[in-house]
Amino acid sequence: MKHNRSLIRNSGFQTFATSILCIILGLIVGYLALLIIHAEGAGEAIGDVMKNFFTRPDSASRMKYFGSTLAKTAPLIFCSLSVLFAYKVGLFNIGAAGQYCLGMGVALRLALESAINPEVKISWVVCLLCGVLAGGISGAICGLLKAFCNVNVVISGIMLNWISLYGTNMLLKPVMNPTGKDTFRLVSKAKQALLPTLGMDKLFNNQYVTIAIPCAVLVAVVIWILLEKTKLGYELKATGNNPNAAKYCGMKENRNIILTMVIAGGLAAMGGAMYYLSDFEQWNVNSSSVPAMGFNGIAAAFLGGLNPIGSIFSSYFITHITMGGGNVNLSHYCPQIADLISAVIIYLCGFVLFFKTMVNNSLRKSDERRIMRQRAAEEAANQEGGNS
Amino acid sequence: MENYAIEMLNITKRFPGIIANDNITLQLKKGEIHALLGENGAGKSTLMSVLFGLYQPEEGIIKKDGKVVRINDPNDANRLGIGMVHQHFKLVECFSVLDNIILGVEPTSSMGVLQKAAAREKVLALSEKYGLSVDPDAIISDITVGMQQRTEILKMLYRDNEILIFDEPTAVLTPREIEELMLIMQGLAKEGKSILFISHKLNEIMMVSNRCTVLRKGKYIGTVNIRETTKEELSRMMVGRDVEFVVPKDPANPTDVVLNVENMTVSSKVHRNNAVNNVSFQVRKGEIVCIAGIDGNGQTELVYGLTGLEPLKSGKVEFLGKDITKTSIRKRSLMGMSHIPEDRHKHGLVLDYSLENNMVLQRYFEKDFTSPIGFLKKDNIRKYAERLIDQYDVRSGQGPITPARAMSGGNQQKAIVAREIDKDPKLLIAVQPTRGLDVGAIEFIHKQIVAHRDAGNAVLLVSLELEEVMSLSDRILVMYEGEIVGELDPKTTTVEEMGLYMAGAKRQ
Amino acid sequence: MKKILALLLVVVMVAAMFVACDNQKTPETTKAPENTKAPENTKAPENTKAPENTKAPEDTTPVEPTGMKVAMVTDYGDITDESFNQATYEGAKEWCAANGADFTYYKPTGDSTAERVASIEQAIADGYNVLLMPGYAFAEAIVETVEANPDVKFIALDVSEYDLQAANGTDADFSWQYPANLYSAVYQEELAGYMAGVAAVKLGYEKIGYLGGMAVPAVVRYGYGFVQGVNDAAKELGKVDAIELKYVYGNQFYGDADITAYMDTWYNAGTQVVFACGGGIYDSAAEAAKKVGAKVIGVDVDQAPTIDGKYAVGMTVTSAMKGLSATVKTLLGQVKDGSFQGGKVETLGLVSETPTENYVQLPASTQWADGFTEADYNQLVADLFSRKITVSNDTENAPTVEIAVDYQGNIK
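Chains as they are written, first to last, in the working numbering: chain A, 1 to 388; chain B, 1 to 508; chain C, 1 to 412.
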């Protein structure tokens with residue numbers, strides 16, 4: 001009993017529980033939407049969404065699509081880390097989408113140099129590092145504008161998203177596959193730039209399963225350590241929570257803001273670079289919007305309770321249901337239904353904090369009632385004692 | 001059977017781990033001024049929140065004119081004629097006095113058109129009746145603090161409130177304005193209004209109120225008639241022991257110059273004049289120099305300039321013989337400058353951090369707390385915080401891991417004081433170090449400051465409390481409109497003389 | 001909190017009831033017949049009589065229809081794109097409904113080969129054995145899956161030999177032998193574009209525009225064919241100097257405010273007719289044309305009913321058509337009767353002097369006039385068929401022409 005009570009009071013557990021609650025609520029609402037559209041197949045459809053790769057007929061292909069889900073999870077983890085890291089420092093990095101895009105663009109451009117100059121073969125390490133650097137610089141621009149001109153990072157982030165998008169389009173035009181609208185595949189034109197798979201491709205029977213996945217998990221852990229255990233994390237969070245106090249005690253507020261944005265930008269860019277260096281997708285050089293990955297990162301960060309470790313799981317979950325959405329029977333539902341369900345769930349994720357407050361309030365009330373009852377009982381006992 | 005305007009009988013209100021009000025009874029007679037006295041955290045605010053329906057008590061009832069009433073929210077309280085003048089005025093700066101008074105109860109025609117003429121008449125009549133002189137058309141931001149407060153009072157009267165609550169109304173006033181306020185309060189009481197006067201300034205309570213209810217640590221201590229009591233008795237009731245009002249200290253023995261300020265000018269963020277204008281002074285080892293003055297006369301900016309929070313427009317600051325005019329905040333701190341900031345929420349604390357993390361805010365980077373590769377040494381931080389908590393009696397729900405946000409104002413302040421004094425600074429800049437603290441805590445902090453001086457360090461105290469200035473300082477510098485207008489010796493000067501300097505009526 | 005819990009409970013119970021009711025009601029109902037809405041223009045009949053396949057049906061034993069399960073996978077568009085996907089979808093659906101074959105479609109979760117492969121494998125896992133894949137974007141996905149699934153028929157549209165060989169990494173020597181279960185049809189869009197270009201000039205229009213969707217090969221072939229058609233007709237009529245041709249891509253397959261604004265400028269500057277070539281992009285051209293009473297030319301299918309119905313009667317001069325739907329039906333018919341011949345990429349274009357038997361053509365709704373009568377059109381088709389007139393299908397370089405063509409790049 002006592003153990004239960006302390007568990008429910010634990011902030012981490014509360015975040016976890018409320019995240020789960022949001023997911024359940026989201027599924028119920030999504031289910032209702034399915035019922036309204038076509039009642040007959042609703043159960044099956046929601047099942048398909050939740051099952052994702054489990055709907056595949058044999059274990060080999062289940063493994064393969066589990067791999068695909070993981071491969072798509074990795075960039076989302078990076079983006080959510082980028083968002084939550086900046087958020088901890090009081091900055092809302094909506095520019096993650098652009099940084100993701102730019103990191104991808106630079107990495108891909110370098111990788112595909114071999115498509116136009118076959119003798120130039122740039123290794124994945126260089127591509128990745130340059131991509132991350134580009135994202136970091138993009139983040140630094142936001143940070144500099146914030147630090148020295150007090151430009152809101154949301155504004156500069158959104159503007160930089162467009163700049164990054166069209167910059168990337170320009171950058172990648174020369175390495176576009178002339179018969180299509182996309183860039184060349186690395187596997188055909190730049191094998192040296194493919195991320196190593198460490199044999200995981202064999203294990204999963206899926207060439208897209210690369211070191212991006214363990215890297216994402218590793219980076220999440222590193223970010224957690226950085227925020228919770230280090231001096232730098234202490235400074236950054238202090239700057240985020242109270243910039244005046246940070247200044248008062250001599251922290252370099254501006255440096256911290258810029259550094260934060262550099263790291264956040266680098267994280268998002270790393271996600272983009274690693275994803276595209278896995279060759280899972282090719283870039284459409286005529287894209288007119290930044291990839292949704294950066295924005296989904298916001299949702300994943302919040303669903304994960306703004307905890308780097310939590311964001312690993314929330315990112316996986318969001319990817320899982322999004323991929324699962326592809327299985328919904330399209331004879332009854334329009335293809336957007338999967339997006340609808342995941343959007344509802346993601347939307348409800350924003351309520352994690354709200355639910356947490358609610359739980360705490362009700363806990364407090366029940367405490368008060370308990371104390372009151374205890375007192376009443378004591379008083380009653382005393383009175384009885386007095387009477388007899 | 002007494003005639004009570006409002007009665008709060010046996011009120012009990014609990015929060016997790018703490019009983020904020022434990023069986024408290026407060027009876028306010030019609031036409032009396034009733035003081036509510038208690039240390040910080042004694043439960044005054046909770047009791048008032050209960051009265052305004054912000055909290056529901058677990059036990060106890062509230063009676064108005066002898067009838068039990070239920071107050072669920074501030075609107076209920078308003079309907080019952082209960083009004084409050086808050087410590088921090090709730091006025092719209094860019095509105096006129098009249099607009100502020102009628103805000104929320106605007107008289108309108110059936111078509112929804114404002115009818116200000118009638119309102120103006122009523123306001124003028126009220127201000128005449130109670131001697132509250134205001135200009136109804138003046139804009140709030142243009143008028144003095146005293147007049148703003150009168151606007152607040154008129155707001156209550158305009159709503160025909162019968163029960164007026166003044167929450168520490170004198171904290172922001174000059175001595176003269178305080179006197180005026182006392183007269184106004186007495187006038188209101190004479191006209192039949194019932195006044196609840198929340199304060200921990202014993203002098204004022206003794207001066208103006210009829211009865212006084214004392215709370216301590218959430219418990220009801222007693223209600224006394226002011227005519228039958230003394231200041232000492234009240235403070236004993238409040239603190240639970242005898243309190244020394246005058247800090248015992250030996251005469252100062254100033255030696256070397258620690259801080260030397262020459263022609264310091266700091267520009268203002270709010271107006272075009274310089275906030276600090278060509279100020280020069282020195283602080284020596286072994287003395288407490290106090291900057292006195294009414295709030296907003298450049299003290300804040302002076303301190304910002306000294307600590308590095310704001311750049312100087314011109315002039316020079318020397319600390320321990322070194323020019324630090326352009327030195328960073330961190331360097332100044334490392335050289336031995338401590339700063340108890342004026343606004344603990346703005347500068348002093350990271351509210352979302354735990355108490356222990358706030359305790360090391362000025363020294364987290366030292367090698368006791370950070371390993372060479374940048375990891376925090378959490379165990380050391382915990383130990384250090386526990387020592388300070390113990391040594392400075394910082395009270396909180398969960399000890400070192402309490403979020404700073406969840407602590408009472410007084411304990412937050414104590415934590416800051418502990419952190420800053422424990423740095424053992426050569427120069428302690430203390431801005432209103434006892435703001436919002438109760439008598440017991442004030443006494444403790446004053447002793448710490450004196451001890452720090454006696455250990456051979458310099459102290460620069462900035463205070464708005466005349467009593468504090470008089471009792472603690474070895475030398476007084478009075479600031480008026482950004483300039484130092486007088487240097488006084490607390491042993492020879494009087495509060496009245498100081499008041500003249502502070503109001504700009506006199507200068508050396 | 002309690003209230004919320006209660007509310008939640010109610011919601012769950014209501015939901016449970018829904019399910020329960022449905023379970024009771026529906027078991028007898030077989031697969032609900034297609035309740036998807038049919039866009040109003042589906043009735044535009046494919047007036048192509050599916051040409052007899054070159055190979056006469058030798059094996060006439062019918063395959064029982066139950067054995068055929070047809071699935072379509074969409075490319076980056078949706079089945080309502082008023083173009084490629086929609087034409088394929090509607091053709092397949094119509095055929096399957098008439099022949100009792102199971103039919104559904106899959107939409108990949110994203111625009112990448114990996115996701116297209118996922119959808120293809122999903123369809124196969126769900127038991128579908130005939131896959132329809134419209135669009136060159138499928139090349140890599142096909143290469144990845146086709147050989148592992150020899151029992152499944154892969155029918156691709158618009159996937160060229162080059163696309164496939166490049167995807168297989170054999171574009172240097174085209175050495176890949178296509179597996180027997182793969183068939184791809186590509187079209188001579190340049191011929192359709194050419195006919196539309198000739199028609200536009202001969203019908204008296206002088207200020208002409210070309211609004212492409214995205215510059216993908218099929219769209220470019222249409223466009224360059226159109227340019228050649230305009231050029232040749234202008235030369236024939238001696239109007240080389242009089243003709244003005246503007247050429248632009250919208251960079252997307254749907255119309256929007258930006259593109260409409262761009263078209264407004266064109267029409268306001270005197271453009272009389274625009275060949276709107278790419279999915280729903282005609283919306284922008286028609287919207288702008290309506291304001292000044294100008295004309296448009298449709299694409300892929302006979303868009304006269306759609307555009308005239310939506311904007312203004314008589315707006316559509318003609319449409320450059322290719323027989324997607326016809327191809328799908330023909331091929332599904334071949335699969336059914338066992339005459340399906342895979343292992344090849346076929347270029348479909350002119351197969352006859354009779355215009356309606358071809359895979360590229362102009363519709364009967366073309367606004368024939370003295371300058372360009374139906375007879376003139378028949379003659380044109382005959383000349384093209386006999387290769388008296390040749391049209392370049394080069395998509396790399398713009399055709400060399402005598403008229404002035406104002407290439408304006410991409411709008412976006």
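It is worth saying that the hints were derived from the structure and are not from the lab. Here the structure is a predicted model, which is why all the values come from computation and not from measurement. All C-beta atoms, glycine included, are put in the ideal place defined by N, C-alpha and C. Mixed in with the good hints there might be a few duds.
[As the list claims (entries may be wrong)] For the chain B half of the interface with chain A, some residues (derived, Cβ under 10 Å), not all of them:
no., residue
1, Pro-341
2, Asp-352
3, Arg-363
4, Phe-369
5, Ile-373
6, Asn-380
7, Arg-382
[Unchecked claim] The calculated DSS-like cross-link candidates involving lysine-lysine, where the alpha carbons are at most 25 Å apart (straight line), are:
no., chain 1, residue 1, chain 2, residue 2
8, B, Lys-90, A, Lys-189
9, A, Lys-173, C, Lys-344
10, A, Lys-247, B, Lys-90
11, A, Lys-231, B, Lys-316
12, A, Lys-247, B, Lys-122
13, C, Lys-69, A, Lys-51
14, B, Lys-30, A, Lys-252
15, B, Lys-426, A, Lys-252
16, B, Lys-346, B, Lys-322
17, A, Lys-252, B, Lys-116
18, B, Lys-316, B, Lys-326
19, A, Lys-231, B, Lys-64
20, B, Lys-64, B, Lys-116
21, B, Lys-331, A, Lys-231
22, B, Lys-116, B, Lys-90
23, A, Lys-252, B, Lys-331
24, A, Lys-252, B, Lys-378
25, B, Lys-326, A, Lys-229
26, B, Lys-116, A, Lys-247
27, A, Lys-252, B, Lys-90
28, A, Lys-252, B, Lys-367
29, A, Lys-247, B, Lys-219
[Unchecked claim] Covered stretches of chain A, going by a simulated chain B footprint (3 or more residues, C-beta under 8 Å):
no., segment
30, 237 to 249
31, 306 to 317
Here's how the hints hold up against the structure:
1. For the restraint placing Pro-341 of chain B at the interface with chain A, the shortest Cβ-Cβ distance is roughly 6 Å, inside the 10 Å limit, so the hint holds.
2. The restraint placing Asp-352 of chain B at the interface with chain A holds, with a minimum CB-CB distance near 4 Å, inside the 10 Å limit.
3. The beta carbon of Arg-363 of chain B comes within 9 Å of a beta carbon in chain A, closer than 10 Å, and the hint placing it at the interface holds.
4. With 10 Å as the threshold, the beta carbon of Phe-369 of chain B comes within range of chain A, its nearest partner Cβ sitting at about 8 Å, so the hint holds.
5. Using the Cβ-Cβ criterion of 10 Å, the hint placing Ile-373 of chain B at the interface with chain A is satisfied: the shortest such distance is roughly 9 Å.
6. Because the smallest distance between the Cβ of Asn-380 of chain B and any Cβ of chain A comes to about 13 Å, over 10 Å, the interface hint for this residue is violated.
7. A least Cβ separation of about 14 Å between Arg-382 of chain B and chain A goes past the 10 Å threshold, and the interface hint is therefore violated.
8. Proposed proximity of Lys-90 of chain B and Lys-189 of chain A is contradicted: the alpha carbons are some 69 Å apart, above 25 Å.
9. At roughly 31 Å between alpha-carbon atoms, Lys-173 of chain A and Lys-344 of chain C are farther apart than 25 Å, so this suggested pair is violated.
10. Between the alpha carbons of Lys-247 of chain A and Lys-90 of chain B the distance comes to roughly 29 Å, so the proposed pair goes past 25 Å and is violated.
11. A C-alpha spacing of about 33 Å is found between Lys-231 of chain A and Lys-316 of chain B, which places the hinted pair above 25 Å, so the restraint is violated.
12. Distance hint between Lys-247 of chain A and Lys-122 of chain B is unfulfilled; the C-alpha atoms sit about 49 Å from each other, more than 25 Å.
13. Taken as a hint, the Lys-69 of chain C and Lys-51 of chain A pair is honoured in the structure, with Cα atoms around 24 Å apart against an allowance of 25 Å.
14. With a C-alpha separation of about 58 Å, the suggested pairing of Lys-30 of chain B with Lys-252 of chain A is violated against the 25 Å cut-off.
15. Note on Lys-426 of chain B and Lys-252 of chain A: the hinted pairing holds, with a Cα-Cα distance of about 23 Å set against a maximum of 25 Å.
16. Taken as a hint, the Lys-346 of chain B and Lys-322 of chain B pair is broken in the structure, with Cα atoms around 29 Å apart against an allowance of 25 Å.
17. Taking the CA atoms of Lys-252 of chain A and Lys-116 of chain B, the gap is near 52 Å; set against the 25 Å cutoff, the hint is violated.
18. Restraint check for Lys-316 of chain B and Lys-326 of chain B: satisfied, since their Cα atoms lie roughly 9 Å apart, inside the 25 Å limit.
19. A distance of roughly 57 Å separates the Cα atoms of Lys-231 of chain A and Lys-64 of chain B; the hinted pair therefore is violated under the 25 Å criterion.
20. A hinted pair counts as satisfied when its Cα atoms are at most 25 Å apart, and Lys-64 of chain B with Lys-116 of chain B does not qualify at roughly 32 Å.
21. Among the hinted pairs, Lys-331 of chain B with Lys-231 of chain A is consistent with the structure: their alpha-carbon atoms are about 18 Å apart, no more than 25 Å.
22. Between Lys-116 of chain B and Lys-90 of chain B, the direct Cα distance comes to roughly 21 Å. Compliance with the 25 Å bound is thereby established for this hinted pair.
23. With a CA separation close to 12 Å, the supplied pair Lys-252 of chain A and Lys-331 of chain B stays within the 25 Å bound.
24. As the CA atoms of Lys-252 of chain A and Lys-378 of chain B are separated by approximately 22 Å, the hinted pair is consistent with the 25 Å bound.
25. Taken as a hint, the Lys-326 of chain B and Lys-229 of chain A pair is broken in the structure, with Cα atoms around 33 Å apart against an allowance of 25 Å.
26. Distance check on the hinted pair: Lys-116 of chain B and Lys-247 of chain A sit about 47 Å apart at the alpha-carbon level, beyond 25 Å; violated.
27. Distance restraint check for Lys-252 of chain A and Lys-90 of chain B: the Cα-Cα separation of roughly 35 Å exceeds the 25 Å cut-off, and the hinted pair is therefore not satisfied.
28. A C-alpha spacing of about 19 Å is found between Lys-252 of chain A and Lys-367 of chain B, which places the hinted pair at or below 25 Å, so the restraint holds.
29. Distance hint between Lys-247 of chain A and Lys-219 of chain B is unfulfilled; the C-alpha atoms sit about 40 Å from each other, more than 25 Å.
30. Only when three residues or more bring their CB closer than 8 Å to a CB of chain B does the claim for the segment 237 to 249 of chain A stand; here the count is 10, and the claim holds.
31. For the segment 306 to 317 of chain A, the proposed coverage by chain B is not satisfied: 0 residues have a C-beta within less than 8 Å of a C-beta in that chain, short of the threshold of three.
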